[in-house]
Every structure is written in structure tokens, then in C-alpha cells.
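Visitor: Sequence:
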Amino acid sequence: HIETRFSYRTRILDYLWASLPIISTEGDYLSEMVEKEGLGITVRDGNVDDIVNAITKLADNKEFYDECLNNLRDISREFTWEKVCKPVVDFCRDPIPTSYRKREGFENIFDDEGQNSLKKNNTHSNKKGFSYLVKRFLHHLFKSGPRQTSRFISNYLKGR
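All letters in the sequence shown, in the order written, are residues 1 to 160 by full-length UniProt numbering.
Mixed in with the good hints there might be a few duds.
[Unchecked claim] Each computed DSS-like pair below joins lysine-lysine, with the alpha-carbon atoms no more than 27 Å apart:
#1 K143 to K158
#2 K36 to K83
#3 K36 to K86
#4 K62 to K86
#5 K135 to K158
#6 K86 to K57
Hints are computed from structural coordinates only; laboratory data are not their basis.
Build the full structure now, drawing on both the sequences and the hints.
Guide: See the structure below:
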């Protein structure tokens with residue numbers, strides 16, 4: 001199912017942190033991890049017999065249950081919120097491509113110092129600030145149209 005394939009089911013993280021063997025439907029990264037790492041059992045979506053069999057196996061097979069617990073303890077350290085969210089946080093801190101980052105005067109608008117300096121230097125003459133970039137974007141959009149604006153953005157990001 002498309003929603004399952006592209007979702008990140010945070011309740012599975014809760015099961016990891018609680019050291020609970022997982023019964024998960026197939027079809028996404030986390031369910032593949034459950035199967036591959038021996039964290040529990042994956043079942044077909046909507047298949048009641050699979051769910052009954054999974055619950056029964058976890059309830060009746062102490063050796064399998066304990067094996068899942070050991071595997072959960074090992075892997076749960078890799079799935080803290082800090083590690084899971086790191087790619088998104090890194091992007092939010094630095095969404096500007098490398099060509100711009102290398103230019104003199106770059107200020108990271110997501111850090112405290114950058115925020116303060118942008119607030120202080122929010123003038124037309126400041127060609128390094130965020131407000132200048134927004135004004136240039138709007139100028140190109142309304143004066144030249146979308147095609148020219150996309151060229152401006154492309155050239156700007158390439159450092160030209």
C-alpha cells in the first residue's frame with residue numbers, strides 16, 4: 001500500500017524503545033527491518049490468519065520471544081529521536097546548496113547568530129541577508145515571469 005511504503009510508522013519506534021516484539025504489516029522500511037533483524041513478525045495486510053499465527057507464536061514460543069527481545073535491545077540504540085530526525089534537522093539547518101555556502105559572507109539563517117545579524121541588517125543595501133533574497137525573487141517573478149525567475153534562481157544557486 002502506498003501510504004505504508006512511504007510512511008515512517010513511529011509506533012514501531014515506541015515498540016523498539018519499550019523492548020516489545022513487533023507484529024507489523026509488510027511493505028515499508030521498518031517492516032523490512034523487523035524481518036531482517038529478528039525484531040518480531042511481519043504479516044500481510046488484512047490477513048487475520050497471519051495476525052493470529054504471529055500472536056500465537058510470540059505467546060507460545062519463549063525462545064523466539066527472548067530472541068526478539070535481545071535483538072530489540074541491540075538495535076533500539078540506533079533509533080533515538082536524535083538519530084531518527086537528524087537528516088531532517090540537518091536539512092533545516094542548512095538547506096542552501098554548496099555553491100552558495102562557499103560564497104563570502106554566507107550566514108546560516110537557522111543559527112542564533114545568523115538570525116540576529118539578519119534582523120539587524122535587514123536593509124536594501126545588505127545583499128547578503130535573507131530579506132534581500134526574497135525581494136530579488138519577487139522582483140524577478142513579477143518583472144520577468146516564472147521562466148526568468150527560474151534562471152535567476154538556478155544561476156544564483158550555482159554561484160554565478
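Visitor: Now tell me, hint by hint, if it's right for this structure.
Guide: Each hint, compared with the structure:
no., hint, in the structure
1, K143 to K158, "22 Å, holds"
2, K36 to K83, "20 Å, holds"
3, K36 to K86, "23 Å, holds"
4, K62 to K86, "36 Å, violated"
5, K135 to K158, "19 Å, holds"
6, K86 to K57, "36 Å, violated"
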